[in-house]
Amino acid sequence: MTSLRLRAPAEHGQTLAVPPFEQVGPLLAENRQIISKPNLVQPDTSFAEVRSIARKETLACSDQYHNDAGEEVPVETKDIWILAGHQPELCHPGVWFKNFVLNHLAHSHGAMALNLIIDTDLVKPAILHVPDGARVARVPFDRSSLDAPYEECVVQDEALFADLPERVAPLTTTWGFEPMLNDFWPMVMHQARRTNLLGERFAAARRALERQFGVIQREVPMSRVCETPSFARFVAWIFGGLHAFHAIFNETVQEYRRSHRIHSRSHPVPDLASDGDWLETPFWAWRRDQRRRGKLFLRNHDGNWTLRIGADEVATIPAADRPALFQLMTETIKIRSRALTTTMFARLLLGDLFIHGIGGGVYDVLTDRILARFFGIPAPAYLTVSATLLLPLPRYPEAAQQIRGLKRRQRDLLYHPERFATLTAETAPWIDAKRRWLAHAGVDHAQRVERLRRLREANVQLRPFVKSLMNQAQRELAEWQQRLSLHNVAARRDYAFCLYPAEMLKGFYAETARKF
4 MTSLRLRAPA EHGQTLAVPP FEQVGPLLAE NRQIISKPNL VQPDTSFAEV RSIARKETLA
64 CSDQYHNDAG EEVPVETKDI WILAGHQPEL CHPGVWFKNF VLNHLAHSHG AMALNLIIDT
124 DLVKPAILHV PDGARVARVP FDRSSLDAPY EECVVQDEAL FADLPERVAP LTTTWGFEPM
184 LNDFWPMVMH QARRTNLLGE RFAAARRALE RQFGVIQREV PMSRVCETPS FARFVAWIFG
244 GLHAFHAIFN ETVQEYRRSH RIHSRSHPVP DLASDGDWLE TPFWAWRRDQ RRRGKLFLRN
304 HDGNWTLRIG ADEVATIPAA DRPALFQLMT ETIKIRSRAL TTTMFARLLL GDLFIHGIGG
364 GVYDVLTDRI LARFFGIPAP AYLTVSATLL LPLPRYPEAA QQIRGLKRRQ RDLLYHPERF
424 ATLTAETAPW IDAKRRWLAH AGVDHAQRVE RLRRLREANV QLRPFVKSLM NQAQRELAEW
484 QQRLSLHNVA ARRDYAFCLY PAEMLKGFYA ETARKF
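Residue numbering for the sequence shown follows our numbering, beginning at 4 and increasing consecutively.
Please note that the accuracy of each hint is not assured.
[Stated by the list, open to error] Pairs of lysine-lysine, DSSO-like flavour, derived with a Cα cap of 27 Å:
(1) 470 - 509
(2) 81 - 59
(3) 40 - 59
(4) 298 - 127
[Stated by the list, open to error] Each pair of labels, with its calculated beta carbon distance range:
(5) 29 - 307: 40 to 48 Å
(6) 509 - 74: 16 to 24 Å
(7) 179 - 314: 53 to 61 Å
Derived by calculation from the structure, the hints in this document are not laboratory data. Beta carbons are placed, not taken as given, at the ideal position from N, Cα and C, and that holds for glycine.
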């Protein structure tokens, strides 16, 4: 199995688009043709029919979500949908780039843009990484949360959360520019009046910032999409064919490992497990009165589906009874898609084109193979985009080369001082002696030992005459090693977008838009 060889752009200001943007039009047409075909899971129902319902339900979720956030709902809907998605976190500008690509591609191709807020993923540590000279400071903005998804994660320490800019400020005094954190955090705190959900504060504040950048587009949390009847239908499709899906999933993952010589059983994703007649499904689940998610297992027996979260047996319902499943999903337990089933649902039932970042673009080759084998249709193509933007801090790309040169100079001064010592009455005899012994190879072991002793003696006698040069090389080496440490910190591309100057990002995204 081959996969995309995707690498983040190496240089500041570079972008990645695979396939190129000029191919988006043909991709949209081809994807829409693929999705119009009947599927093997429900042979009497076309994806087009199911998609129409799924889109209406998703639009309703989006409308309600924007209304709940007190935002004007983008009213214009179109037949072509382009989607992207990411967790509601403080991402780096290369990830945020997807939102601007989504906006511009939608305008260019007469499509509707929809960004999925992947609040069904686990919360990452509540830490903001901030350059502080030659080190990276870890500045917390909340106490550690439970092992819970974003949709369940509330801010634990409001005081710690509120004063983040004050604790970051001392680290940025020498930067020479003002990070947009000072303008962005009040937007975040404005959302704190409305919600205690960490991810929702970030997502809504980010949208407010995007509006200042001229980007207004629909969003919807994946948690809300997962509570629609169409998602229940999708879950029922997989439950109904779970034996086949289970085998296809594991075979596809194992093929990927073999072709990439991967020995880890957890990479790129773990196999779906089995426990007797229980089969692990490609979904997470948890009881509605809890916050910790677990693996969802299913047992198909006597015309019934019995569901288990970890070791906790939660319900038995008639097999293929979608209304009963939907009721269970909205009243008793939460069933949420995992990474591959999130994009599987989005690419099949919502979008005409999905925009991935590098991580998703690499691993969705698995989704392509699973889709083709389980649903019996070619997988709709997707777009992978990213960008590299570096903080405008001093960088020293030449530092590594300078260090290598200085270390060579130190070795030469140590072992070849005759090349650097000034010719004087004191140094001349030793320089001449070393040159003679260098020219004398020695014919036997005793002569070679004597030659080595004489060369070492000459080096020892000459080193005091190059000591100032050795000290200078050491000082320069220390300076360049410090610069390399500064460079390694400044050259990271994964700092949160809110640490950058607003005008820098705004200018970059506007300039990039002209390429579409």
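Do the hints match the structure? See the list:
1. 470 - 509: Outside the cut-off at roughly 53 Å; violated.
2. 81 - 59: holds, 12 Å
3. 40 - 59: Cα-Cα ~20 Å, so holds.
4. 298 - 127: holds, 19 Å
5. 29 - 307: 40 to 48 Å: holds, 47 Å
6. 509 - 74: 16 to 24 Å: holds, 21 Å
7. 179 - 314: 53 to 61 Å: Between residue 179 and residue 314, where Cβ atoms are some 56 Å apart, the hint holds.
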